[in-house]
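Peer 1: Chains as they are written, first to last, in this note's numbering: chain A, 1021 to 1342; chain B, 1021 to 1342; chain C, 1027 to 1357; chain D, 1027 to 1357.
None of these hints come from the bench; they were simulated from the model. Note that beta-carbon positions come from the ideal geometry of N, C-alpha and C, so glycine has one too. Be careful, since some hints might not be right.
Said to hold, decoys possible - Here are some, though not all, of the chain B residues that point toward chain D, as calculated from beta-carbon distances under 7 Å: (1) S1073; (2) G1080; (3) I1086; (4) G1087; (5) A1088; (6) E1115; (7) A1119; (8) M1122; (9) T1127; (10) G1160; (11) N1184; (12) A1304; (13) P1305; (14) F1325; (15) T1329; (16) P1331.
Claimed, not checked - Distance condition first, Cα-Cα at most 30 Å in a straight line; then the derived BS3-like pairs of lysine-lysine: (17) C:K1246 - C:K1152; (18) A:K1303 - B:K1177; (19) A:K1301 - B:K1270; (20) D:K1076 - D:K1182; (21) A:K1177 - C:K1152; (22) B:K1303 - A:K1301; (23) A:K1216 - A:K1177; (24) B:K1062 - A:K1270; (25) C:K1107 - C:K1325; (26) A:K1177 - C:K1351; (27) D:K1182 - B:K1062; (28) B:K1303 - B:K1270; (29) D:K1222 - D:K1152.
Letter by letter, the chains look like this.
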Amino acid sequence: MRELAYYEAKLEALSEIMADERVHLMGGSFLSLSPRRTLFQKIVQRYPERVVSPPISELGFCGLAIGAAMAGLRPVVDLSTGSFIYEAWPQVVNEAANAFYMSGGQTRAPVVFHILHGIRGQGAAQHSHSPQAMLWNCPGLEIVLPSSPKDVKGLLKSAVESPNPTIFVDHVQLFEIRGPVPEGDLVIPFGQAEVKRQGKDVTVIATSLEVQRSLNVADQLAREGIQVEVVDPRTVAPLDFATLLASVEKTGRVVIVDQCHKSCGIAAELAARIAEEGFDKLKAPIRRVTAPDVPIPFSPPLEEFVTPTEPRIIEAIRSVLR
Amino acid sequence: MRELAYYEAKLEALSEIMADERVHLMGGSFLSLSPRRTLFQKIVQRYPERVVSPPISELGFCGLAIGAAMAGLRPVVDLSTGSFIYEAWPQVVNEAANAFYMSGGQTRAPVVFHILHGIRGQGAAQHSHSPQAMLWNCPGLEIVLPSSPKDVKGLLKSAVESPNPTIFVDHVQLFEIRGPVPEGDLVIPFGQAEVKRQGKDVTVIATSLEVQRSLNVADQLAREGIQVEVVDPRTVAPLDFATLLASVEKTGRVVIVDQCHKSCGIAAELAARIAEEGFDKLKAPIRRVTAPDVPIPFSPPLEEFVTPTEPRIIEAIRSVLR
Amino acid sequence: MDLCRRMLLIRHFEESLIGLHDQGRFEGHYHVYIGQEATAVPALSCLGQKDFLFTTHRNHGHLLARGADPGKLFAEILGRKDGYNHGKGGTFHVAAAELGFLHTSGIVAGIIPLAVGAAYAAKARKSDQITVCLIGDGALEEGAAPESFNIASLWKLPVLFLCENNGKYGAGRAAGAAQSATMAVYPLTDLPVAYKIPARQIDGTDAGAVHAAFSEAVAKIRQGEGAQFIETQTVRWPGSETNWPAVPAPTDVSLAWDVSAVPERAREWYRSSDPVLIFIRELVEKGAATKTEIAEIDKSARQAIEQAARFALASPFPGLDEALKDVFAPR
Amino acid sequence: MDLCRRMLLIRHFEESLIGLHDQGRFEGHYHVYIGQEATAVPALSCLGQKDFLFTTHRNHGHLLARGADPGKLFAEILGRKDGYNHGKGGTFHVAAAELGFLHTSGIVAGIIPLAVGAAYAAKARKSDQITVCLIGDGALEEGAAPESFNIASLWKLPVLFLCENNGKYGAGRAAGAAQSATMAVYPLTDLPVAYKIPARQIDGTDAGAVHAAFSEAVAKIRQGEGAQFIETQTVRWPGSETNWPAVPAPTDVSLAWDVSAVPERAREWYRSSDPVLIFIRELVEKGAATKTEIAEIDKSARQAIEQAARFALASPFPGLDEALKDVFAPR
Ligand SMILES: Cc1ncc(C[n+]2csc(CCOP(=O)(O)OP(=O)(O)O)c2C)c(N)n1
Ligand SMILES: Cc1ncc(C[n+]2csc(CCOP(=O)(O)OP(=O)(O)O)c2C)c(N)n1
Ligand SMILES: [Mg+2]
Ligand SMILES: [Mg+2]
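One chain only, chain A, in its complex shape:
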């Protein structure tokens, strides 16, 4: 199978979704402010009428996208830095998420919100957020967290086909990762976790960039004979809990890794659900590796200290194996 860089696979998906006349892109940082951003210009040039640059009015333009979706379009909105979605919070969590339910199943809002979450390198407290946990607490939103070139392509295409408001949560530090991507059409359905690596000793459930870190860790520990199974939910809403549970059943030991702050983060929900439904299978306490409950500091060594890095994942794995 051909290999692509993550940003290439993402760009490919962005180009392909434009074939649907209903798709409008709003905002232009899908490829971040990284040097790769210039590639996005190709799409702008090809579809100038369907790529728009709104004012710095996230509340206004996210609401616009939701309304346009209600009226039949498939807008894909780039908010760039994850925390900018806070500006649009009332529209996302109180309008988009509720529309289908409140209308008794009449009004769909098939909009996609694209954000770059997490600890990105000197983003400091205001530009390093991972809003996905807060959003998961809001029923009605689908939440997607790709972690590989194949996934970013297949999940983005799936996001645009979804009839529901979808949060597409990306991480800029994934962009240069390379991996196999099948040629041609690739749509990865929501609600299908993927076992990214098989192992029998311990289950590591990870999301987004932390999947890559966990895979690295699994490589390292394999040399010591520790077989780590890495499971990636890929979407948390909907959640493929069965695949997670099957892995827990197999290993009996769980470490959960993600970049949300700890309290009420993604890892909290996964841990709680396993403690409820997989209790009998557990041989050790569940361990979470997350950002601690502190704002993300600017200074590089402090930032690294609060990041779910490989050494922290390893330490947690060892602790559940004890």
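Chain A is fixed; fit chains B, C and D with the ligands onto it per the hints.
Peer 2: For chains B, C and D with the ligands alone, coordinates are given in the frame of chain A:
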């Protein structure tokens, strides 16, 4: 000890905090739109210069309150319905919460945000939110959930003394509850859970209105000889986890009850923490009783169906005792 | 004549609804459209079938003006199965896609960006649909309003902002706070005008003036001139003075000529500010209808409402499984 | 003369900072104040010691204009222990309470409500402190701006909105988008004026005009006249054309008279739009300083910056325990 209704204790606290010249009240629905609201007029009349009615601009006036707090006041802001804090999300979670940390410990923002959360009776999807779980995922905010007349008084006074931004999460269905309240000054420190009822068979950890429901359930089950211990964290940030853990240690069985939606709700975090640190003490899986992951419906029977009602709490308790 | 019937239908609907609330048939906060009938009825009559509308907590009159079934509307507000949204939305959220009402929000200003978005979609599809954004004066205090005006203006979107300025009423404000205590922009039209959106102020008790202004604005939008803004001004209905609506005197067309049945404190409003009674008086004065004809129309509207209420009260509550349905649309 | 020194200090600071970034001494996005020096320096010189200031991602120049220690500023931007915020804030968030800078936000328009709040506090305490809210033109696109204008106007709060309109630059926008493509309000002052806030537009390369406008506005606010708005207009510095700042030609005072050292494409800006060079030229033309005196000032500013950079580079990174500290203030 004298008995007061919850709304009376709250009003007493509101009157007493006004003795501090730095306290300004912004907004006027501290006693909700219930018939009790007229009592608030006494405060307005006594301190007309320190009770202000802002425009319908939550982002603007919450930010104003934060700025005023930075500059030395102690504003207490009423947002009335819980979800209206979403309008102010960028100010609350990205300015207030980060100010002290980002400034390296220079700038305090001692503001209190008062909200009425939860399922209140025909609030439908947009007016029944419990934003406290989302807010707990944001480090830097203190989160207070009173459940009794004594607590509402002592915690409100403590909130105003706090040097940190504080979310005061109230529930309108608590207002008519009566209970003992000591005369004179009463300040309940943050981070002190209260065992509201002793029991040896099962621990119910509940917040806000659900504490009252759980106490009713404990009464009912006592008649069957089931001894339920009801523990109320009272503040989740800071969290007195030691008291929770001590109860788990005693009973080995845990039910957690709150009104947030299930995924990444308050109950998720408490369950995850117990699964991490109290794993050895658990004799049964942890059970959560929360609002399910659906928007709150308007129609009364549907609304009741999604509420953590007494029958649902009883059912959960029985399931962990099995 | 049709306008007259629709206005009376709204009036009787709302008065009847207040009765249902007082009987405990439904709980929770709600808002009625009494006193603003001469905005929605003539304004929305200027629209085409395929146009979109977005409205707020004060939506009942808008839906009825557009021809909604009062039975299904009552049923929704009572949380019944036969309601427009199977009882899941309730009074704040009545949506009726078949009438163009895609989404109704109880969040002040919540619909403004959405309406601009529907207009964006229509323009993108090169259809000639326009979108009407029905808001109260209070909505201009939210930042969503100027943000949306900016985009609607820059992108010349086919949206008509209809701002109903009903004076000093605002549920979230301290009782008695005057409008000017919460809005520095005066006149309100200065705000859209700053964003280069043409704006007009109209007397909201003058159905003819409302109709004329709307026909013109709708025509301009269809010609591609972009967003337009109209403010209609009405005086606050005395029944909304407390936190919960209360009818000072049930509306009877005879009040158009003799308000002595109305309690003293509310009389002035019914005499000089009630848009329905004003409209009726003018119809008769112009000779467009006789008092008897009006009384007939009134009677039939009243009967339609009574029947609608019976329909709603007979409708069952939805099954409990409905609570867990329609969180997500199926693929 | 002091103004001249401060402007040069800012210029050398920023040019030196770009050098540090290019050497990999710090990472991440950052924004420099080059081209706007003639706003902050004269404007902030009109303030008193106890006044409050709130600023944005483009804060370096504001801090230096107010007398910040360039060493501590560099240290903050490099994430070092001796930074104003122990390295925890970084370039977007430099706060210095001792200088009145309570909170600096990287969120566009994030500080506007906060500044209004500090003004509210000052007024409540009946102090004569004023608050300066330093924003870019892009901030007016956020709803936080009009919401705050409304409150500041209604409550006559002692706040001075200083909007630096630096032309078409906006990091979040598509490269090359003109300002008018994202803001329908034109001139920008129409927005505060709609909210009845007196507003003026000033040439941001004319230090004298800026000083005069600010003295007047500050005086009015201290007299209790309430909020004021000033827009200063500058032309975008060619070094900010790409996403990362790059110096076309290091500033030397001799450029005031001869720009041949500047690459062709950037020359026009240095010739006619550089506020520092304009100021220097005027000083000399008016006979207020000789070229030699200016060169001396420049040299001392340059040396101060070099020394500051050395100080910062010598400062250690904070200890790891610092990461977990100061989430909550102690009681
Ligand atoms: C964001 C938000 N804040 C506050 C409220 C509470 N609230 C409900 S109606 C209302 C007044 C709205 O005034 P206006 O827009 O003029 O509408 P009217 O009720 O006068 O028709 C308020 C403040 C709300 N629903 N949403
Ligand atoms: C809420 C929010 N949206 C988007 C951004 C990304 N952003 C950073 S600076 C900037 C441009 C701001 O323009 P302006 O206010 O004119 O300031 P300038 O950079 O021109 O000084 C943008 C859009 C942000 N920081 N915050
Ligand atoms: Mg109104
Ligand atoms: Mg700018």
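Peer 1: Decide if the proposed pair is consistent with the structure: K1303 of chain A and K1177 of chain B, CA atoms, cutoff 30 Å inclusive.
Peer 2: 45 Å, violated
Peer 1: Can the restraint linking K1303 of chain B and K1270 of chain B be considered satisfied, given a maximum Cα separation of 30 Å?
Peer 2: Within the cut-off at roughly 11 Å; holds.
Peer 1: CA of K1177 of chain A to CA of K1152 of chain C, is that 30 Å or under?
Peer 2: 26 Å, holds
Peer 1: Holds or violated: is the Cβ of A1304 of chain B closer than 7 Å to a Cβ in chain D?
Peer 2: 34 Å, violated
Peer 1: Is the interface hint satisfied for P1331 of chain B? The criterion is a beta-carbon contact with chain D at less than 7 Å.
Peer 2: At 39 Å from the nearest chain D Cβ, P1331 of chain B fails the 7 Å test, so the hint is violated.
Peer 1: Hey, K1107 of chain C versus K1325 of chain C, does the alpha-carbon distance stay inside 30 Å?
Peer 2: Holds, at about 28 Å.
Peer 1: Can G1087 of chain B be said to touch chain D, with a Cβ gap under 7 Å?
Peer 2: 2 Å, holds
Peer 1: Against chain D, run the beta carbon of P1305 of chain B and see if the smallest gap drops under 7 Å.
Peer 2: Hint on P1305 of chain B: violated, closest Cβ of chain D at ~32 Å, above 7 Å.
Peer 1: The hint names M1122 of chain B as touching chain D; please verify it with the least Cβ-Cβ distance against 7 Å.
Peer 2: 5 Å, holds
Peer 1: Given G1160 of chain B was flagged as interface, is its beta-carbon under 7 Å from a beta-carbon of chain D?
Peer 2: 6 Å, holds
Peer 1: Can you confirm whether the C-alpha distance between K1216 of chain A and K1177 of chain A stays at or below 30 Å?
Peer 2: 20 Å, holds
Peer 1: Do the numbers back the hint for F1325 of chain B, that is, is its least Cβ distance to chain D under 7 Å?
Peer 2: Interface hint status for F1325 of chain B: violated (37 Å vs cutoff 7 Å).
Of the hints listed earlier, those the structure fails to meet are numbers 1, 12, 13, 14, 15, 16, 18 and 24, in rising order.
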